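Engineer: Given chain A, work out where chain B should sit, using these hints.
2 protein chains.
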Amino acid sequence: MRTFQTKKLDEAISLALAHVEPITESESIPTTDSFGRVLAEDILCPEDLPGFARSAMDGYAVRAQDTAGASREHPVTLRIIGSVEMGQDPRTLPDLLPGEACEIPTGGPMPPSADAVIMLEETARQNNDVVQLFSAVTPGTHVLAADSDFRRGELVFKAGHKLRAVDIGALLAMGILSVRVYRRVRVGIISTGSELVEAHEKIRLGQVRQINSHILRGLIESQSAQSLFFGIVPDEREKIRAAVQHAVSESDMVLLSGGSSVGARDWTLQILQDLGQVFVHGLQIRPGKPTICAIIERKPVMGLPGNPVSCALVFEKFVRPVLARRSGLKVLLPSHRLASAQLIQTVRSAVGREDFVAVRVRIDEADGTLYAEPILGHSHNISTLARADGIVRIPAELEEIPEGAQVWVELL
Amino acid sequence: MRTFQTKKLDEAISLALAHVEPITESESIPTTDSFGRVLAEDILCPEDLPGFARSAMDGYAVRAQDTAGASREHPVTLRIIGSVEMGQDPRTLPDLLPGEACEIPTGGPMPPSADAVIMLEETARQNNDVVQLFSAVTPGTHVLAADSDFRRGELVFKAGHKLRAVDIGALLAMGILSVRVYRRVRVGIISTGSELVEAHEKIRLGQVRQINSHILRGLIESQSAQSLFFGIVPDEREKIRAAVQHAVSESDMVLLSGGSSVGARDWTLQILQDLGQVFVHGLQIRPGKPTICAIIERKPVMGLPGNPVSCALVFEKFVRPVLARRSGLKVLLPSHRLASAQLIQTVRSAVGREDFVAVRVRIDEADGTLYAEPILGHSHNISTLARADGIVRIPAELEEIPEGAQVWVELL
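Chains as they are written, first to last, in the working numbering: chain A, -8 to 403; chain B, -8 to 403.
Pulled out of the complex, with its shape left as it was, chain A reads as follows (with noise of 0.2 Å):
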């Protein structure tokens, strides 16, 4: 059997990105329900926008030199033929003659022979008929070209780019009613444990409920991928290697997590090396140490600690690049919302080591300062994160974080 050196976390980010291929398969799906997805295709503007020149400003829609000069000493006086009225076709807009203007409101369509708007409150209105300028404008004052948001042709969005609340807008202000997309990866879930049962079975002595693979679910679909579970596989070695076969060749990527005992930990990664090839087995952070990752018929196949704080803290960590890479993602940012607060205990850690503490967040109701409090929690325990507001995070150089320095906690 190989032997593996532990690996410092971004090693093992960029060793595992390297060998992780996105899916190719796509599917082209409504616009309106493509939040979250990511584009398996170059997206070009199917044509100028808004279409039209607009107005920026509620006013009066002038031919620029006809302000000329004009001031609050010495005003100019305009004609007022008419009014743009919105969604009107500017086609059928009054021509402005020398003189006269014509009142627009915001994103009005400017009359074909109005050149520039002047604000509202830049003018007098004398009557129905006369207006007074106080400024002058030049020639697309206020004035939002035909081409202003899109260009017809432009390249709006690449393929790998995931879409949000704002591109879908994008995207239909566009006409662009359908996409496509990267399908949803199928992320297959195995529990090892021979002491696991499900949470709606009888429990008795000595057994433990299974949650990894719910917590795992949650934090899968959060990724717009889909989760599959295969169930609980007992400590034993042929029932855990046919379990991964069975996952591969149904799912896009396999997490297994469990395997707490010595025994059941070496199968994994016996299996794992038999059946692909592993290229990390040991992280440098903690919790998470025992977590190994490879690649089988080209799928990425990862092996999480089985207590639940690791499992859960490795695939923010881990699992998550790797998920975001196989589902077609070109541009990774960071995933967590951060809160800084003011640490209220001092944290320890081991120099070479990367360390993630589980914390509370509390905040003083009076000023809004948030404070953080070191949750010291065993990693075996699921409370350790019920009770966490977040996650704050001791890089490898450092022994300790001490009380009163401000963090940045990592918000669950």
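Think of the hints as simulated: they come from the structure by calculation, not from any bench. Fair warning: this is a prediction, and the values are worked out from it, not measured in the lab. Hints may be right or wrong, so weigh each one.
[Said to hold, decoys possible] Which residues of chain B face chain A? A few of them, derived with a C-beta cut under 10 Å, are:
| hint | residue |
| --- | --- |
| 1 | 184 |
| 2 | 189 |
| 3 | 312 |
| 4 | 354 |
| 5 | 355 |
[As the list claims (entries may be wrong)] When the alpha-carbon atoms are kept at most 20 Å apart in a straight line, the in silico DMTMM-like pairs for lysine to aspartate or glutamate are as follows:
| hint | chain 1 | residue 1 | chain 2 | residue 2 |
| --- | --- | --- | --- | --- |
| 6 | B | 149 | A | 356 |
| 7 | A | 193 | B | 1 |
| 8 | A | 230 | B | 33 |
| 9 | A | -1 | B | 358 |
| 10 | A | 149 | A | 356 |
| 11 | B | 321 | A | 355 |
| 12 | B | 193 | A | 39 |
| 13 | B | 149 | B | 32 |
Heads up, the beta-carbon is just placed ideally off N, CA and C, and yes, glycines get one too.
Structural biologist: Relative to the frame of chain A, chain B by itself:
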């Protein structure tokens, strides 16, 4: 008509939170489907967890008193009487007599008469029956008590807590298969504007596709609320009034987007004042100044600017906390993922106004440094946000943030 002073964003939020009542209706749902939902009940732990004493290490379960004086130089020898299996009923395990030890895996149940675990690394197995110990342990060493995860009767979550993936794990660990949560808040959306058509409709020059309801839908649903679209309403007072009344009767909260013309803006204000109580009119932020917040029939009704950039921004900054409170959430923690980036171009603002500038984030692949490039687009243009990765805030007390400054980008 009452006149209003524009408000600072944090003042407006405090005022809104003081006016908004959480919904009261709740429903019982399966725990496995409760991700992102808000608890409507306190959760007390129904039983001690794990319910039996477990080992925290791979090693040997022992009677601590038998290990007294053990060291590398003077090991203590114990007789191995068996091996604990994962999931075994501890009542079936043998009693340890003086001088006896039992092999035990991490998580395995403690034999009843054992009170400590000595880790594998501190032992040497002599043969099948005999193990040498190289250190002494005290009672409780490496043992997780029967109530070490949760204690029976313990308050685990308070009503008003939003359930995360790890919380679902904690509930299932306790055998809690269903939970009472507030029902999803129904957020009604009205888009006003005579120039608007739906994205799937044929568009005529001068018209604009309605996108704000789709942007808002994505933002609302990612908050575990439900969005109801009440259609496009032209800029006509009676039609807007009727739409507001209808939406209020069918929803728990209403968002009006648009009315970008002066007239429409005034009508919205008049209608909301007429039907209820307006307490915010105008925010000292850019974009997003023409924002209204009212209570009608004890439901929040918010008027958002019509241009998509302002609409999305005001949702994030002002609607989000109001919706969270209306959803029953007790504690409001930061809602944005943050990335620290170096600003590559000075951004300017006016003192006394909070500015939000869209930025593109670029990653230097070589060293992972992030750079934030301001996007100087108009807030009429959805392209401003589609091109952006996030938003940089210029606080009210600053006139600018200079090129080269390290800034926090709130990722979209």
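Engineer: Does each hint fit the structure? Answer for all of them.
Structural biologist: Against the structure, the hints:
1. 184: With a closest approach of 6 Å, the residue 184(B) hint holds.
2. 189: holds, 9 Å
3. 312: violated, 13 Å
4. 354: Constraint on residue 354(B) satisfied, holds at 7 Å.
5. 355: violated, 13 Å
6. 149(B) with 356(A): holds, 18 Å
7. 193(A) with 1(B): violated, 51 Å
8. 230(A) with 33(B): violated, 40 Å
9. -1(A) with 358(B): holds, 16 Å
10. 149(A) with 356(A): Between residue 149(A) and residue 356(A) the Cα gap is close to 44 Å, so the pair fails against 20 Å, i.e. violated.
11. 321(B) with 355(A): Holds. Residue 321(B) to residue 355(A) sits at ~14 Å (cutoff 20 Å).
12. 193(B) with 39(A): holds, 15 Å
13. 149(B) with 32(B): Cα-Cα ~7 Å, so holds.
When the structure is compared with the earlier hints, violations turn up for hints 3, 5, 7, 8, 10 and for no others.
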